[in-house]
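Note that this note's numbering has the sequence shown beginning at 4, numbered continuously upward.
I should point out that these hints are in silico values taken from the structure, not numbers from a laboratory.
Treat the hints loosely; a few may be bogus.
When the alpha-carbon atoms are kept at most 35 Å apart in a straight line, the in silico DSBU-like pairs for lysine-lysine are as follows [what the hints assert, rightly or not]:
{"hint": "1", "residue 1": "Lys137", "residue 2": "Lys102"}
{"hint": "2", "residue 1": "Lys77", "residue 2": "Lys94"}
{"hint": "3", "residue 1": "Lys54", "residue 2": "Lys67"}
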Amino acid sequence: MEGKGGGGSKQNPGKNQDVPVTKGELSKEIVRIMSEHMPTILAQSQENFRKAEEARKAAEEAEKKKKANEDAEKRRKAMEDKRAAEEQERKRKAEQDRKNAEDAERLRNEESERRRNEEAQRDGCSYKSFLICKPSEFHGENDPVIVTNWLKEIEDIFEISECSPRKRVNYASHLLKGEARHWWNMIKIARGNEAVSAMTWEQFEELVMENYCPQGLMDKLEEEFLKLQQNDMTVPKYTAKFNEKARFAKYQVATEERRIKRYIWGLRAGIRGPVQQARPSTFQEAVELALMVEKENNRQLEEGGDNKRKRENRDDDAKKIKISGGKIENVGEYKLCTICKKTHKGECWHDNCRNCGKSGHTSKECKAEPVCFKCKSPGHKIVDCPERKLLEYKDTQPRKTMGRVFQLTAENARNTP
Numbered sequence: 004m005e006g007k008g009g010g011g012s013k014q015n016p017g018k019n020q021d022v023p024v025t026k027g028e029l030s031k032e033i034v035r036i037m038s039e040h041m042p043t044i045l046a047q048s049q050e051n052f053r054k055a056e057e058a059r060k061a062a063e064e065a066e067k068k069k070k071a072n073e074d075a076e077k078r079r080k081a082m083e084d085k086r087a088a089e090e091q092e093r094k095r096k097a098e099q100d101r102k103n104a105e106d107a108e109r110l111r112n113e114e115s116e117r118r119r120n121e122e123a124q125r126d127g128c129s130y131k132s133f134l135i136c137k138p139s140e141f142h143g144e145n146d147p148v149i150v151t152n153w154l155k156e157i158e159d160i161f162e163i164s165e166c167s168p169r170k171r172v173n174y175a176s177h178l179l180k181g182e183a184r185h186w187w188n189m190i191k192i193a194r195g196n197e198a199v200s201a202m203t204w205e206q207f208e209e210l211v212m213e214n215y216c217p218q219g220l221m222d223k224l225e226e227e228f229l230k231l232q233q234n235d236m237t238v239p240k241y242t243a244k245f246n247e248k249a250r251f252a253k254y255q256v257a258t259e260e261r262r263i264k265r266y267i268w269g270l271r272a273g274i275r276g277p278v279q280q281a282r283p284s285t286f287q288e289a290v291e292l293a294l295m296v297e298k299e300n301n302r303q304l305e306e307g308g309d310n311k312r313k314r315e316n317r318d319d320d321a322k323k324i325k326i327s328g329g330k331i332e333n334v335g336e337y338k339l340c341t342i343c344k345k346t347h348k349g350e351c352w353h354d355n356c357r358n359c360g361k362s363g364h365t366s367k368e369c370k371a372e373p374v375c376f377k378c379k380s381p382g383h384k385i386v387d388c389p390e391r392k393l394l395e396y397k398d399t400q401p402r403k404t405m406g407r408v409f410q411l412t413a414e415n416a417r418n419t420p
């Protein structure tokens, strides 16, 4: 049964009917329910709030860490960029300094080269023109042939480039390399730059020869020159060998006359006699005479009849010739010495000591008192002979024209078929 002013109804359990509920009861019921469940709701709300707060804080902390990491990475990258920029700047500056140094060095070299060329041009030769001739370097070989060849090559270049005498040592010393450079540096330290600057080419040449051409080896080469004979060599080959070895016996070929005599002495008997009779006045004339005589000897051999004798000895088969007025004439045979295989008069001294005249030893091994070959006086050798200077003085005087029965000029020799 429903009441008039009721907000609800209550059910009668027994009769299964709704019973009216008043507003007050409803309010109380609500309050009761809320009182029962509010702590749980509050607790749940507080828990949710706490979790939300923790999550917020965790998110904030994570954000802070992330930001801190990002800031740290930015700082690290900034530091790396800074260091890279500094390193790049350092390299750029170093490269610039290097280029500046190279430019400065180049300018100094150009200025030095310009001054050197200006000075050299005043003297008739520049270092650049000297190098254009491509002079060889010297590395300090202890070989007289190499040393003398190098010195001669440099002298020839001096002549070609018209190099001033006061520049020659400076130019040549720059061609010393390796051990030779170390040796030259020691010379400069020992003598001083001023003395080295004042050194002449002849003094430099003498220093090089003394250091790289031991006297014992030079004596041996001079002895080889003194023993040089044509034998089976052709005249051109003998002449080349003579000129090569003459460099090591300068005293023996100090004058044109000595050079001619020594050259003729080494010729084969069949060539030496006619050339000697012609009395050539220059070395070139002697060479051309020897060539002509050899040519005539060969012609006679080719026209001869006995081929076997031709192979055995060309000089024995070839008739001796004399030269007169530019013509070759047949003459009698020369008597050949069985000791030295040359033609000469009197006793043969080929194997005898040049000091005492006895056989069995050389002049270097001789213990007898030296005898001068010039004045025949004991107590000194020919190199110390007082008369030698007089002889050398006479050698330097102009030769007087002498009437000769046998005479052939170089021009005649060249024109002779």
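Evaluated hints:
1. Lys137 <-> Lys102: 31 Å, holds
2. Lys77 <-> Lys94: 25 Å, holds
3. Lys54 <-> Lys67: 19 Å, holds
Hint violations for this structure: none, all hints satisfied.
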